[in-house]
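Student: According to UniProt numbering, the sequence shown is numbered sequentially starting from 1.
Worth flagging that the hints you see were computed from the coordinates, not collected in a lab. Possibly wrong hints are sitting among the right ones.
[Unchecked claim] Label pairs and their computed distance ranges (CB to CB):
hint: 1; residue 1: Y619; residue 2: E85; range: 19 to 29 Å
hint: 2; residue 1: P70; residue 2: Q642; range: 40 to 50 Å
hint: 3; residue 1: E121; residue 2: G83; range: 17 to 27 Å
hint: 4; residue 1: P81; residue 2: D489; range: 44 to 54 Å
hint: 5; residue 1: S321; residue 2: T435; range: 36 to 46 Å
hint: 6; residue 1: G21; residue 2: T435; range: 34 to 44 Å
All C-beta atoms in this analysis are idealised placements derived from N, C-alpha and C, irrespective of residue type, glycine included.
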Amino acid sequence: MNSLPTTPRPSRLHRTPGGFGRIPVSDVHPVISDGAYPVKAVAHERLQVSATVFREGHDAVKASVILTAPHGTQRRIDMHPVGPEGLDSWEASIRMATEGDWTYRVEGWSDPWATWQHNAEAKLPLSMDLDLICQEGREVIGRAATNATQQRVTSAAHLLEAVIDALRPETPAEELLDLICSRPVERAMARFGPRELVTGTKEYPVRVERRRALFSSWYEFFPRSQGAWQDETGAWHSGTFDSSHERLEAAAAMGFNVVYLPPIHPIGIAFRKGPNNTLTPAEGDPGSPWAIGSPDGGHDAIHPDLGDLESFGRFVDKARSLGLEVALDLALQASPDHPWVTEHPEWFTTRLDGTIAYAENPPKKYQDIYPINFDNDPEGIYHEVLRIVHFWIDRGVSIFRVDNPHTKPVEFWDWLLERVHETNPEIIFLAEAFTRPAMMGALGKVGFQQSYTYFTWRVEKWELTEYLTELAHDTPAFYRPNFFVNTPDINPLHLQSGNPAIFAIRAILAATMSPTWGVYSGFELFEHEALAAGREEYLDSEKFQYRPRDYNASPNLNMLIGQLNAIRDRHPALQQLRNITFHHVPHDGIIAFSKQDGDDTVLVVTSLDPDNTVESDLYIDFEALGFQSGKGIRAIDELTGQEFTWGERNYVRLYPGQPAHIVHLST
Numbered sequence: 001m002n003s004l005p006t007t008p009r010p011s012r013l014h015r016t017p018g019g020f021g022r023i024p025v026s027d028v029h030p031v032i033s034d035g036a037y038p039v040k041a042v043a044h045e046r047l048q049v050s051a052t053v054f055r056e057g058h059d060a061v062k063a064s065v066i067l068t069a070p071h072g073t074q075r076r077i078d079m080h081p082v083g084p085e086g087l088d089s090w091e092a093s094i095r096m097a098t099e100g101d102w103t104y105r106v107e108g109w110s111d112p113w114a115t116w117q118h119n120a121e122a123k124l125p126l127s128m129d130l131d132l133i134c135q136e137g138r139e140v141i142g143r144a145a146t147n148a149t150q151q152r153v154t155s156a157a158h159l160l161e162a163v164i165d166a167l168r169p170e171t172p173a174e175e176l177l178d179l180i181c182s183r184p185v186e187r188a189m190a191r192f193g194p195r196e197l198v199t200g201t202k203e204y205p206v207r208v209e210r211r212r213a214l215f216s217s218w219y220e221f222f223p224r225s226q227g228a229w230q231d232e233t234g235a236w237h238s239g240t241f242d243s244s245h246e247r248l249e250a251a252a253a254m255g256f257n258v259v260y261l262p263p264i265h266p267i268g269i270a271f272r273k274g275p276n277n278t279l280t281p282a283e284g285d286p287g288s289p290w291a292i293g294s295p296d297g298g299h300d301a302i303h304p305d306l307g308d309l310e311s312f313g314r315f316v317d318k319a320r321s322l323g324l325e326v327a328l329d330l331a332l333q334a335s336p337d338h339p340w341v342t343e344h345p346e347w348f349t350t351r352l353d354g355t356i357a358y359a360e361n362p363p364k365k366y367q368d369i370y371p372i373n374f375d376n377d378p379e380g381i382y383h384e385v386l387r388i389v390h391f392w393i394d395r396g397v398s399i400f401r402v403d404n405p406h407t408k409p410v411e412f413w414d415w416l417l418e419r420v421h422e423t424n425p426e427i428i429f430l431a432e433a434f435t436r437p438a439m440m441g442a443l444g445k446v447g448f449q450q451s452y453t454y455f456t457w458r459v460e461k462w463e464l465t466e467y468l469t470e471l472a473h474d475t476p477a478f479y480r481p482n483f484f485v486n487t488p489d490i491n492p493l494h495l496q497s498g499n500p501a502i503f504a505i506r507a508i509l510a511a512t513m514s515p516t517w518g519v520y521s522g523f524e525l526f527e528h529e530a531l532a533a534g535r536e537e538y539l540d541s542e543k544f545q546y547r548p549r550d551y552n553a554s555p556n557l558n559m560l561i562g563q564l565n566a567i568r569d570r571h572p573a574l575q576q577l578r579n580i581t582f583h584h585v586p587h588d589g590i591i592a593f594s595k596q597d598g599d600d601t602v603l604v605v606t607s608l609d610p611d612n613t614v615e616s617d618l619y620i621d622f623e624a625l626g627f628q629s630g631k632g633i634r635a636i637d638e639l640t641g642q643e644f645t646w647g648e649r650n651y652v653r654l655y656p657g658q659p660a661h662i663v664h665l666s667t
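Let the hints inform the model, and build the full structure from the sequences given.
Tutor: Structure below.
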């Protein structure tokens with residue numbers, strides 16, 4: 001009889017990478033692609049770390065986060081169990097005080113103190129194994145006292161030594177239990193108690209960026225429209241960087257801290273688009289700024305009508321003096337007149353008929369734009385884009401809004417963003433990617449600090465609740481939303497009524513739901529006319545023509561926008577992404593949510609109905625907010641200054657003239 005071949009058993013002292021260790025630790029969160037990319041955070045932002053930690057038998061198990069700073073120092077943050085008992089879920093909040101590349105790991109460990117304390121609580125009242133219990137207790141506490149002494153914390157060492165002296169069989173059991181369960185002793189043992197069988201995960205990266213990557217208020221305008229004018233013949237003359245200083249002052253007065261400019265480069269002549277995207281431009285029509293490149297230059301040049309590098313420098317200096325950062329559009333495409341077309345024809349796609357392929361999104365055609373083919377000469381294209389980015393960084397640009405990044409390879413963005421971070425970690429990139437979730441998530445994972453979102457199309461209560469829950473709890477490790485209320489490309493259907501109340505409601509939602517929000521100029525004037533029924537495009541779009549405005553015309557939203565940005569600046573709770581809680585309102589036309597950061601709690605109650613008065617009860621989740629049930633709390637409406645005393649159930653009445661409460665809650 002032939003025996004079957006035997007398979008050698010692996011040594012118990014070794015395990016495959018990623019397998020369980022002596023104390024199993026699994027399901028660590030947040031982690032991006034098993035640690036291939038860093039988790040997103042900003043300085044002092046609260047980051048929730050969770051894991052599943054368990055062990056065999058009945059001995060106590062604990063878990064800790066070991067946080068390593070960029071300069072190498074380490075800090076231990078002990079985790080606490082959460083959720084139903086038996087699921088072995090642990091979590092801890094960590095905050096990183098400085099920018100840079102941090103790492104963390106989760107350690108599971110056996111806790112001799114907690115094991116002994118549990119046994120002592122069971123046996124001491126029964127006078128069971130008194131000698132052994134006391135002996136074991138003195139040994140465990142003695143090890144902690146030694147640790148405290150070695151760390152020169154003499155007060156803790158003396159306290160623990162006193163406990164050792166009292167831990168005698170003749171001491172009444174009640175006294176011993178009171179002593180070993182006292183808060184001072186438990187705090188000392190938590191800090192200095194022995195940890196055994198420590199089992200750590202691998203190190204997971206966290207990139208801590210500057211505050212503006214998470215919290216910012218954006219204002220977009222076209223410099224060519226600011227100060228544009230017509231002469232007596234009807235010919236248009238472009239606005240300039242110098243004539244746009246007034247708009248910078250207005251943006252700063254409304255509390256914005258980022259001004260975003262569409263492309264400022266020369267615009268091609270070939271296939272130039274006329275008003276409303278027509279193919280028949282008249283002489284003097286400026287064309288789309290996204291059709292980049294002419295004999296005057298390409299992505300490193302300025303349109304002569306706007307000024308030159310010196311006037312751009314004055315514009316940047318003026319913005320900085322007002323506390324504003326300049327964001328520039330990075331649109332990686334070319335008009336047929338771009339120097340790249342003749343100097344690097346290999347960077348484009350040549351069709352079988354010998355022509356260069358222009359951009360299409362059927363049925364839309366963009367004959368004035370050639371997409372770049374990143375597979376034809378990756379090395380040449382990659383380094384040219386890197387050069388362009390550094391060109392504008394050197395001229396004061398600190399933020400780039402990237403046009404259609406989802407039409408370029410993710411691998412390219414991975415390379416570019418890491419190269420820029422190596423030399424300029426302060427630079428922020430915003431992804432304008434209204435596309436599939438997988439692509440939007442991938443762009444965030446490889447380094448985009450912010451992303452456009454589906455907020456523009458989320459209008460119903462259930463949609464907003466579901467979407468904000470996802471953004472706050474499922475994806476914040478890699479995806480930071482920027483809630484633009486409108487864009488030059490998107491005139492949302494819900495704004496096309498022109499009802500001022502819906503503009504106010506959307507501004508309130510965007511400014512309070514997301515730590516970063518944005519406004520394209522004209523929104524504050526209730527611009528709403530559509531190109532055609534059912535189309536989310538503006539009539540007489542500024543993309544294709546000059547559009548000077550009287551920004552002080554009445555009515556306008558200037559005051560409300562200024563209020564919203566001031567409220568955001570005052571309240572750290574509104575500067576966070578990961579901390580939203582929804583509260584029950586039976587009426588589907590009212591949404592209520594709160595945000596917290598430390599002692600700062602802000603509750604937002606907003607009507608979703610711009611046409612009618614809505615009334616309902618509001619049920620505030622006191623337990624979720626840490627308020628004592630049955631006691632009233634102080635509520636100050638930040639929009640009106642009114643003060644109330646609110647309980648767990650309250651009545652609210654909202655109407656188009658006052659569609660929301662933004663309430664600061666305190667005990």
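Student: Tell me the hint numbers this structure goes against, listed in increasing order.
Tutor: Of the numbered hints, all hold.
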